[in-house]
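Number of protein chains: 2
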Amino acid sequence: MYVLVIGGAGMVGRKLIERLARDGRLGDKAITRLTAHDVVVPRPPEAPFPIDTRVSDISVPGEAAALVAERPDVIFHLAAIVSGEAEADFEKGNRINLDGTRHLFDAVRLVEGYAPRLVFTSSIAVFGAPFPEAIPDEFFHTPLTSYGTQKAIGELLLADYTRRGFFDGIGIRLPTICVRPGLPNKAASGFFSGIIREPLAGQEATLPVSEDVMHWHASPRAAVGFLIHAATLDGAAVGARRNLTMPGLAVTVGEQIEALRKVAGAKAVARIRRAPDPVIEKIVSGWPRKFDPRRAIALGFVAETSFEEIIRIHVEDELGGRIAD
Amino acid sequence: MYVLVIGGAGMVGRKLIERLARDGRLGDKAITRLTAHDVVVPRPPEAPFPIDTRVSDISVPGEAAALVAERPDVIFHLAAIVSGEAEADFEKGNRINLDGTRHLFDAVRLVEGYAPRLVFTSSIAVFGAPFPEAIPDEFFHTPLTSYGTQKAIGELLLADYTRRGFFDGIGIRLPTICVRPGLPNKAASGFFSGIIREPLAGQEATLPVSEDVMHWHASPRAAVGFLIHAATLDGAAVGARRNLTMPGLAVTVGEQIEALRKVAGAKAVARIRRAPDPVIEKIVSGWPRKFDPRRAIALGFVAETSFEEIIRIHVEDELGGRIAD
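Protein chains in written order, with the UniProt record's numbering: chain A, 1 to 325; chain B, 1 to 325.
Everything labelled a hint here was simulated from the structure, so no lab data went into it.
Here the structure is a predicted model, which is why all the values come from computation and not from measurement.
Careful: at least some of the hints might be erroneous.
[Claimed, not checked] A partial selection of chain B residues facing chain A, derived with a Cβ cut-off under 10 Å: (1) F49; (2) N94; (3) L98; (4) D137; (5) E138; (6) F140; (7) T142; (8) P143; (9) L144; (10) S146; (11) T149; (12) H229; (13) R322.
[To be verified] Pair ranges (Cβ atoms, derived): (14) B:R22 with A:S56: 55 to 61 Å; (15) B:A237 with A:D325: 18 to 24 Å; (16) A:D277 with B:M214: 51 to 57 Å; (17) B:D89 with A:S56: 27 to 33 Å; (18) B:P136 with A:G113: 40 to 46 Å; (19) A:G165 with B:G62: 30 to 36 Å; (20) A:V40 with B:R25: 56 to 62 Å; (21) B:E258 with A:S285: 50 to 56 Å; (22) A:A69 with B:G300: 38 to 44 Å; (23) A:D212 with B:E112: 40 to 46 Å; (24) B:P136 with A:V40: 25 to 31 Å; (25) A:P184 with B:L110: 32 to 38 Å; (26) A:K290 with B:A237: 26 to 32 Å; (27) B:E258 with A:T252: 55 to 61 Å.
Just so it is clear, CB atoms sit at the ideal spot from N, CA and C, and this is done for glycine as well.
Generate the whole structure from the sequences, applying the supplied hints.
As structure tokens, then:
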């Protein structure tokens, strides 16, 4: 089986490729080749199958066609300009997130007799406030960002191209990934990971919102699990509605902090510094907090059920089991 | 006030321009100029203001920019490849309905300091079965045609371009227009109008589905009313959710026939010939039947409340008040 990962240098892409390298297979099929694509050079791990890397911009005409010319059996399309950048640079966001996705879908369409499984990472940013208490699977899309608009358009195209038999697509709306490894960044959502990651590493973290703010989380390990399940599940069981809200865990910031206390003690919690920021409070208040993702759960997608579990996964996968004193 | 009608040669476009010519104004402002645009030559009526016509393809780069260069105050974007053709010719449907719409939106965006009211006709084809008994305003979009997909994408772009201040957009999802004037056509929905229009004109009509099929209707006159209300209502009252399901009338084919009997008698009803067509039955079974369009009603959009009223409008507007013996 030949696997193509577009966006293979990003956090989720790297973790997906690591997992595939470790498993040597996707579902019940051995992987014989993998291509990791991104706009920056991917650094794939050792693997029991050859991995080649490609660097290009899928929004440039012809690039997508070159990527799919050798007919990968499964395509993971993870590449995107993130929310903040797509909002700051409207034309770039549309070029990459909208045109890039459409070019890829059309490139697959134009390969004769070819209909691979295509897994597309959408986002809960397709939803816009006001929301019901828990957002049901049939809730409409009224994104409040250009990023969410572009992802919602990708979902519509994916469903139509699948209906027409051009490929066999599954779109998955990822929760906020927590604990996100790496350095703190300026994303408005960064603090959800920061208030766990920095204290576990002995660093101070800033909390810009109140403790009653609720949000929707899954670990990086769960996100990789979603991708693999989406790549291998029976398309017939999914039916015509190809885009799914992934399961996740709705917790308040206060509950995150209590979980941190249980896993790492009061000393870790003491490293969280309150610094209320009305701008971030306002942005976050427009985000979805909680879902009722029955379809994905019925289809076998699995997320964490406690925030302590999410923290322990970070400690295992990123810190080699060690918590800073 | 300068008004631009894109799709001005179509049935709804012509009726809109006739109404504007009759009124001489849009809301409380006198119309000083109107441009009717289409891919075929529009034939505008006499009017108390100058009407110029333009013929071009808005999917060709530069055409949309030329149309908006003189800054129309209100733009009606009614142009589209219809459902059947967009399904038969995927690339043409995407080129006109998706790229054409995006080119227009971008052309408006790129005119400095310009943010006109833009009214976009979407469709109930953005919805796909299975449905609840009456589709609520927050129901999600899972179109089952490429036309519905293209319209749903237009809605998403309209909302985002409005949010960013590029224009002041309102998207309206029209019911099936009934009684559609003119010759019978091969659209799968054609019989909903045909079984009324042909008998009133003394012709035989074919009914390919059973009498318990329910559908969602509004008259051409109501559709023009929706467009004018959308062009003149207060955008602040609409808020961030810029796309609205229009009100309509949910009736069964049997109820349509009973209304025809009341308006035109048993002789007219006798001109309906039953010819069940399983292909059309199947297509129609995937269409929405009934909505609960509370937002549009609260915002002041008005449709007919009986099918007799819909028939009488056709007799008045198209037949000069005369029903065939």
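Consistency of the hints with the structure:
no.	hint	in the structure
1	F49	violated, 36 Å
2	N94	holds, 9 Å
3	L98	holds, 9 Å
4	D137	holds, 8 Å
5	E138	holds, 5 Å
6	F140	holds, 5 Å
7	T142	holds, 5 Å
8	P143	holds, 7 Å
9	L144	holds, 7 Å
10	S146	holds, 6 Å
11	T149	holds, 4 Å
12	H229	violated, 21 Å
13	R322	violated, 45 Å
14	B:R22 with A:S56: 55 to 61 Å	holds, 57 Å
15	B:A237 with A:D325: 18 to 24 Å	violated, 58 Å
16	A:D277 with B:M214: 51 to 57 Å	holds, 52 Å
17	B:D89 with A:S56: 27 to 33 Å	holds, 31 Å
18	B:P136 with A:G113: 40 to 46 Å	holds, 42 Å
19	A:G165 with B:G62: 30 to 36 Å	holds, 35 Å
20	A:V40 with B:R25: 56 to 62 Å	holds, 57 Å
21	B:E258 with A:S285: 50 to 56 Å	holds, 52 Å
22	A:A69 with B:G300: 38 to 44 Å	violated, 55 Å
23	A:D212 with B:E112: 40 to 46 Å	holds, 44 Å
24	B:P136 with A:V40: 25 to 31 Å	violated, 45 Å
25	A:P184 with B:L110: 32 to 38 Å	holds, 37 Å
26	A:K290 with B:A237: 26 to 32 Å	holds, 29 Å
27	B:E258 with A:T252: 55 to 61 Å	holds, 57 Å
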